[in-house]
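These protein sequence lines map, in sequence, to chains E and V. Anchor point for the first sequence: position 174 equals 174 in the working numbering, and the numbering is continuous, going up by one each time. Anchor point for the second sequence: position 53 equals 53 in the working numbering, and the numbering is continuous, going up by one each time.
Fair warning: there could be bad hints in the mix.
Sample of chain E residues with no beta-carbon within 12 Å of chain V, all distances over it, derived [as the list claims (entries may be wrong)]:
| hint | residue |
| --- | --- |
| 1 | G8 |
| 2 | R50 |
| 3 | L134 |
| 4 | E151 |
| 5 | H156 |
Quick look at which bits of chain E chain V covers, simulated, 3 or more residues with Cβ under 8 Å [what the hints assert, rightly or not]:
| hint | stretch |
| --- | --- |
| 6 | 74-80 |
| 7 | 101-115 |
| 8 | 119-133 |
| 9 | 163-177 |
Calculated from the structure, these hints are not laboratory results. Glycine is no exception: its CB is placed at the ideal position from the N, C-alpha and C atoms.
So you can see what is in the structure, the chains are spelled out below.
2 protein chains.
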Amino acid sequence: MNFCSHCGQTVRFAIPEGDDRGRFLCDACGTIHYQNPRIVAGTLPVAGERILLCRRAIAPRKGYWTLPAGFMENGETTSEAAMRETREEACADVDLENLYTLINLPHIDQVYMIFRGALRGDYASGPESLEVALFEEAEIPWHELAFPTIERTLRHYFDDRRGGDYPLHVSDITAEDRERYLGSA
Amino acid sequence: MNFCSHCGQTVRFAIPEGDDRGRFLCDACGTIHYQNPRIVAGTLPVAGERILLCRRAIAPRKGYWTLPAGFMENGETTSEAAMRETREEACADVDLENLYTLINLPHIDQVYMIFRGALRGDYASGPESLEVALFEEAEIPWHELAFPTIERTLRHYFDDRRGGDYPLHVSDITAEDRERYLGSA
Numbered sequence: 001m002n003f004c005s006h007c008g009q010t011v012r013f014a015i016p017e018g019d020d021r022g023r024f025l026c027d028a029c030g031t032i033h034y035q036n037p038r039i040v041a042g043t044l045p046v047a048g049e050r051i052l053l054c055r056r057a058i059a060p061r062k063g064y065w066t067l068p069a070g071f072m073e074n075g076e077t078t079s080e081a082a083m084r085e086t087r088e089e090a091c092a093d094v095d096l097e098n099l100y101t102l103i104n105l106p107h108i109d110q111v112y113m114i115f116r117g118a119l120r121g122d123y124a125s126g127p128e129s130l131e132v133a134l135f136e137e138a139e140i141p142w143h144e145l146a147f148p149t150i151e152r153t154l155r156h157y158f159d160d161r162r163g164g165d166y167p168l169h170v171s172d173i174t175a176e177d178r179e180r181y182l183g184s185a
Numbered sequence: 001m002n003f004c005s006h007c008g009q010t011v012r013f014a015i016p017e018g019d020d021r022g023r024f025l026c027d028a029c030g031t032i033h034y035q036n037p038r039i040v041a042g043t044l045p046v047a048g049e050r051i052l053l054c055r056r057a058i059a060p061r062k063g064y065w066t067l068p069a070g071f072m073e074n075g076e077t078t079s080e081a082a083m084r085e086t087r088e089e090a091c092a093d094v095d096l097e098n099l100y101t102l103i104n105l106p107h108i109d110q111v112y113m114i115f116r117g118a119l120r121g122d123y124a125s126g127p128e129s130l131e132v133a134l135f136e137e138a139e140i141p142w143h144e145l146a147f148p149t150i151e152r153t154l155r156h157y158f159d160d161r162r163g164g165d166y167p168l169h170v171s172d173i174t175a176e177d178r179e180r181y182l183g184s185a
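Working from the sequences, and respecting the hints, build out all of it.
Below you can see the structure in the form of structure tokens.
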């Protein structure tokens with residue numbers, strides 16, 4: 001951020017009075033520009049014994065497999081965001097069951113929220129996917145998954161499926177976790 | 001948003017190519033300025049039979065009672081945000097138990113996430129609170145609560161306490177719900 005989005009003057013980065021962290025400040029109009037984490041909402045679409053995955057057609061991690069997920073937009077709920085992303089990336093509808101993983105990535109200012117649900121009807125590649133396919137547990141391309149959040153969600157799911165109970169899993173991924181993961185792929 | 005925060009030129013609001021919703025666009029440098037919902041993280045601090053509430057010293061809803069909660073910051077996890085807000089508003093520490101309510105407010109682009117936890121030690125008014133106090137169920141100031149998210153979280157808690165089970169509650173608050181609530185106070 002270089003300029004004030006309100007008045008167009010140059011901003012500076014400093015701690016505002018009464019605050020305890022740096023913000024972009026505009027001395028011309030007095031606006032404090034707050035920046036906050038973003039939610040990535042998605043689904044874990046289940047079709048019997050199989051899980052739907054999408055192979056990414058876009059950066060980052062083009063060519064790697066992911067669950068359908070993306071940035072939540074203004075004006076929608078977390079469930080709506082998850083369903084919209086599933087329609088966009090996999091041309092698929094999902095009957096949502098529960099919020100299944102909530103994963104904090106504080107080093108990149110993201111919070112993943114993946115909802116478990118039943119795939120309803122057909123699917124196809126959306127513009128952001130090279131292909132979309134269903135995988136049994138033994139077929140999951142573990143070494144070609146796009147992000148550590150996706151691997152973690154799938155591992156929880158297959159573990160939980162043995163017991164038939166799918167509680168919410170809340171966890172964090174650190175910068176080191178992510179580097180180790182992306183470095184190994 | 002009037003000006004590009006990257007290059008300082010005037011922005012326009014239009015649907016980018018390949019997108020399906022309006023964004024602020026900079027024709028000078030090509031930046032698309034995305035805007036996304038914010039997370040409000042907080043706690044439901046439990047001390048035996050009583051709940052800690054804070055009376056707000058700042059707008060909006062100055063003078064009304066709330067659970068300690070506020071905007072999640074970059075670089076932190078949802079739990080860290082909830083605990084930081086509790087320290088700031090109530091000078092209190094909480095041993096978090098579980099994510100208890102997740103409430104979408106799509107008309108104001110917010111997602112509330114309230115964690116249930118045990119109050120540990122003392123408490124006092126922080127700079128954003130006029131007073132901080134513990135309330136039994138019969139003492140809750142239902143008509144002087146700051147926000148519908150707070151009322152809903154407290155109602156879930158007292159209902160669940162009768163059964164001793166505290167599952168995550170996911171729900172939405174619409175513009176109409178909120179207007180009805182704030183209009184009635």
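Status of each hint after checking the structure:
| no. | hint | verdict |
| --- | --- | --- |
| 1 | G8 | violated (4 Å) |
| 2 | R50 | holds (26 Å) |
| 3 | L134 | holds (27 Å) |
| 4 | E151 | holds (19 Å) |
| 5 | H156 | holds (15 Å) |
| 6 | 74-80 | holds (count 7) |
| 7 | 101-115 | holds (count 6) |
| 8 | 119-133 | violated (count 1) |
| 9 | 163-177 | holds (count 3) |
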